[in-house]
Amino acid sequence: MFKHTKIGVTVGPSCADIGTIEAMVEAGMNFARLNFAHGTYDSHAILINRLRAVEKKTGEPLAILQDLQGPRIRIGSLRSGGITVKTNQEVFFNTAKKKFISGEIPVDHPELHKFLRKRQRILVDDGRIEFVVTEVNGSKITAKVVQEGVIHSHKGINLPDSLIKLPALSQKDRRDLRFGIKMGVDAIGLSFVSSAKDIKEARLLINEILEAEKIPLRPIAIIAKIETKEAIKNIRSIIIASDGVMVARGDLGLELPTGEVPVIQKKIIDEANRQAKPVIVATQLLNSMQTSRRPTRAEASDVANAVIDHADALLLTNETATGVFPILAVKTMTDIIISTEKSVYDDIALPPLHFRGLPIDGAIADTVKLLSDEVTIAAVVTATKRGLTARLLSHVRPLPMVIVGTENQDTSRQLSLSWGIKPVVMTPFPLNTKELQERLILYIKDEKIAKKGQKIIVVAGEPIGLAEHVSTVEVRTI
1 MFKHTKIGVT
11 VGPSCADIGT
21 IEAMVEAGMN
31 FARLNFAHGT
41 YDSHAILINR
51 LRAVEKKTGE
61 PLAILQDLQG
71 PRIRIGSLRS
81 GGITVKTNQE
91 VFFNTAKKKF
101 ISGEIPVDHP
111 ELHKFLRKRQ
121 RILVDDGRIE
131 FVVTEVNGSK
141 ITAKVVQEGV
151 IHSHKGINLP
161 DSLIKLPALS
171 QKDRRDLRFG
181 IKMGVDAIGL
191 SFVSSAKDIK
201 EARLLINEIL
211 EAEKIPLRPI
221 AIIAKIETKE
231 AIKNIRSIII
241 ASDGVMVARG
251 DLGLELPTGE
261 VPVIQKKIID
271 EANRQAKPVI
281 VATQLLNSMQ
291 TSRRPTRAEA
301 SDVANAVIDH
311 ADALLLTNET
321 ATGVFPILAV
331 KTMTDIIIST
341 EKSVYDDIAL
351 PPLHFRGLPI
361 DGAIADTVKL
371 LSDEVTIAAV
381 VTATKRGLTA
391 RLLSHVRPLP
401 MVIVGTENQD
411 TSRQLSLSWG
421 IKPVVMTPFP
431 LNTKELQERL
441 ILYIKDEKIA
451 KKGQKIIVVA
461 GEPIGLAEHV
471 STVEVRTI
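For the sequence shown, the positions run 1 to 478 when the UniProt record's numbering is used.
Among these hints, one or two may not hold up.
[As the list claims (entries may be wrong)] As a list, the in silico DSSO-like pairs of lysine-lysine whose alpha-carbon atoms are at most 30 Å apart: (1) Lys-455 to Lys-3; (2) Lys-97 to Lys-165; (3) Lys-434 to Lys-455.
Think of the hints as simulated: they come from the structure by calculation, not from any bench.
Can you make the complete structure from the sequences, with help from the hints?
Structure, rendered in structure tokens:
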């Protein structure tokens, strides 16, 4: 059965071989996330080549999302085995030091002390260890341990009470982005976005790299990772400026009270749907499957509710990157998605589509939704050059799959992040509506998507594939 909600997989040591990647694609994987907070360029190049090989073998478009680390503040170098801290212990941080000397814990941000005040929290290692600031004296920060643990070198620091602002692209990110573009990634995950300005700067940098490396201009999607209070405040403008968003619940859950995260997730999904932009929900969806063959009931409900909320895609992270059962994690998520999509609870109405600039196209998409609700339809078929027509149809959530003919592999891969879309590369691209219909109907028959006598909806216009020229919605019997 066709799965409308897409699945992203973080590729890491547990699933890096070609056989496992292929099995994950067969189990329901639609795109791959490469985490550039870890690994070397050589190891990432090997993974990218393997993903492309699997794509070619399976015939399934497989987008590669390069997740940039972002300007994370980290602990400096500590002694082997780390530093154990106990509840109520007084601890000293120093932004002027790079190594653990004289009992002071180094921090890799040389000006961090300027942004911290008494009673503000310092969270280390994804919030596993917590401190509260008691005094700031020059580069030296004194804090009391609230939650004890062992601090290890280079662990991340979160400051939920501070107003510190960091650039969305660090120097490392810029180097990594150049590498990713040269390797042909399809999308980048931009970490710690705070405003639409961050998206615009990243887009300029992408174009500069393409020009400097003499790479033909091609679409590279920017996925804004929503992880901070500032991003929530500017969520609408961020979504408009980006090509999609990710609800990055890991850091979001540290920056905001835990109880607020579920509602914020729903708000982000709603706004992304209003703007016809793909939205990905990430982090701890099936977290227990890192070591267990079965998810908890709460995790299964979490996945189902993200589907019901109308997320385009769900992203597995540690479950596949380092977990023991990566293939089973993908299959389990697929089973939960399909079961949820078959239920009446997946039919909750979407917010109105607020697509700016092309009201006719939005109205046509709404017409397709109405027809698919009232008439038994096997598939919706259309064509696109840049992906816009497909995304408009995706975000009105027609009941059947949306089969989208496109002329290039780049667009096909990027559409693997959008709900309900089955991309098909058509070379040469159809010249007119009649040719589009004939070729896609042949594809439908060959793939046994529909039987003779069933109905499809054709959405088209000429020139073929341009959203602003879509003018026809036709119900056709094959």
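Next on the checklist: Check whether the Cα positions of Lys-434 and Lys-455 lie no farther apart than 30 Å.
Outcome noted: Judged against 30 Å, a Cα distance of about 16 Å means the pair holds.
Item to check | Distance restraint between Lys-97 and Lys-165, which requires alpha-carbon spacing of 30 Å or less | outcome: Given that 30 Å is the threshold and the Cα spacing comes to 21 Å, the pair holds.
Checklist entry - CA of Lys-455 to CA of Lys-3, is that 30 Å or under? => result Holds, because 20 Å separates the two Cα atoms, which is no more than 30 Å.
In this structure, every one of the numbered hints holds.
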